[in-house]
Amino acid sequence: MTLTRQALSQSPEPLIVQLACRGDRQAFEELVRRHQSWLRNLLRRLSRDAALADDLAQQAFLQAWRRLEQLQQATVFAGWLKRIALNVWLQHQRRHDPLAGSTEFDTDLPTTQPGHGMAIDIDHALALLPPPVRLCIVLSYHEHMSHIEIAEAAGLPLGTVKSHIRRGTERLRQLLGDYSDAPTLEVRP
Amino acid sequence: MSDERDPFLDQAFATAERRLDDAAFVADVMRQVTARSQPAFNQPLVICLLLAPALWFAAQTFGDAPLRLLESLSRPLVDSPVQDSVGGSILAPLNNLAGLLGLGAATVYLAYKRLSA
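Keeping their order, the protein sequence lines are chains S and E. So for the first sequence, the numbering used here puts the first residue at 1; every next one is plus one. So for the second sequence, the numbering used here puts the first residue at 1; every next one is plus one.
Here chain E stands alone, though its shape is the one from the complex:
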């Protein structure tokens, strides 16, 4: 089929074309254009400004929290004389809270895999 159009439909479309009243429509569009042209309330900036003092206070209080957390995770759980031996060095990664948590997570994961298989 070429780009030729059906004459009946061509006439039908031409006949159906009506000039639509513009007053209310134009007013509606321009009302929205004006509303969007107003200086926008910069929400993210305001939130940041309000949060800044709270973050500053939190930073003061919890500034050294990551260090303390690391320290407590790596502190040996059991003090024993074998710690300095070769066996103690091998077991050292497990002799702290981080190692214990890791071991626990691995156990839960393996149990889950076994049960869901």
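In isolation and in its complexed conformation, chain S is listed as follows:
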């Protein structure tokens, strides 16, 4: 069974996932189209630059395409894709960042001045957090995952996750301090 692009765009996700599992490239393209923005945003929050995040997102999608046969349930595609993306990011961190495991905060950092746009400023502020703390914060605030889910996904003890989130939250509030005084948060393109 092959559906046209328009039909695919209106089809429920489990059906598209099933088609992609059978090697339907158009179906997989539709899945990429649906999830690319969310996945790239997630990796942009985790990584220090947008180009790297897009590169990692591409790797995640390619791994997903190769491993689609291993997906047991079509309904859990998004969570499965997220796990792949997190593994890609963690592997990249271990290979390229000598401070990947560090949880030390830098001191004497300037607070963010509102005006660049919240997306840029929040990425900037997140980049100043140690990678494990950043991961816990992003999974909590961007993905709305519970602490237990974060502990499982990040492979960290629950107590460590709670501590990272508490310290990371305090630090982010300091770094984004000037926004908390602003009456509303605004986005600039």
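Derived by calculation from the structure, the hints in this document are not laboratory data. Wrong hints could be hidden among the right ones.
Claimed, not checked - Cβ-to-Cβ under 8 angstroms is the rule here; a few derived chain E residues that face chain S:
(1) D3
(2) L9
(3) A12
(4) A16
(5) E17
(6) R18
(7) R19
(8) L20
(9) D22
(10) F25
(11) V26
(12) V29
(13) M30
What the hints assert, rightly or not - A few chain S residues that don't get close to chain E, going by computed Cβ distances all over 12 angstroms:
(14) L3
(15) A7
(16) P12
(17) P14
(18) V32
(19) D49
(20) Q91
(21) H96
(22) I137
Said to hold, decoys possible - Under the rule of at most 25 angstroms between Cα atoms (straight-line distance), these lysine to any residue pairs were calculated in the SDA-like manner:
(23) S:K82 x E:V33
(24) S:K162 x E:R5
(25) S:K82 x S:R34
(26) S:K82 x E:D21
The beta carbon of each residue, even a glycine, is placed where N, CA and C say it ideally should be.
Using the hints provided, position chain E relative to the given structure of chain S.
Here is chain E on its own, set in the frame of chain S:
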């Protein structure tokens, strides 16, 4: 700390979320998917096929090389009438190239150990 999130950061993350343009990204991913779906050039198989005639030729030429090597290693270095005596039997393991090489290696090893101690 419970799973509660800081309301300010919750709002900040929600505000920062942007819909990213999909056209170029999707095209890039699908280009790579298509490239990887092509029948792959089976490098190991091709190398084996190319090496097969060379290995066959080598096998023809050097097929009995291990036997010859063993033979030359175990051939007595000195032919003497004491060979058949009890003393000759005791010294027999040393009266060949293998024994000599073994003895040489043991000497070098012991000398190395002595010098590096």
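Hint by hint, here is what the structure shows:
no. : hint          : verdict
1   : D3            : holds, 5 angstroms
2   : L9            : holds, 5 angstroms
3   : A12           : holds, 6 angstroms
4   : A16           : holds, 4 angstroms
5   : E17           : holds, 6 angstroms
6   : R18           : holds, 6 angstroms
7   : R19           : holds, 5 angstroms
8   : L20           : holds, 4 angstroms
9   : D22           : holds, 5 angstroms
10  : F25           : holds, 5 angstroms
11  : V26           : holds, 5 angstroms
12  : V29           : holds, 5 angstroms
13  : M30           : holds, 5 angstroms
14  : L3            : holds, 16 angstroms
15  : A7            : holds, 17 angstroms
16  : P12           : holds, 20 angstroms
17  : P14           : holds, 21 angstroms
18  : V32           : violated, 5 angstroms
19  : D49           : holds, 14 angstroms
20  : Q91           : holds, 18 angstroms
21  : H96           : holds, 21 angstroms
22  : I137          : violated, 8 angstroms
23  : S:K82 x E:V33 : holds, 19 angstroms
24  : S:K162 x E:R5 : holds, 11 angstroms
25  : S:K82 x S:R34 : holds, 13 angstroms
26  : S:K82 x E:D21 : holds, 19 angstroms
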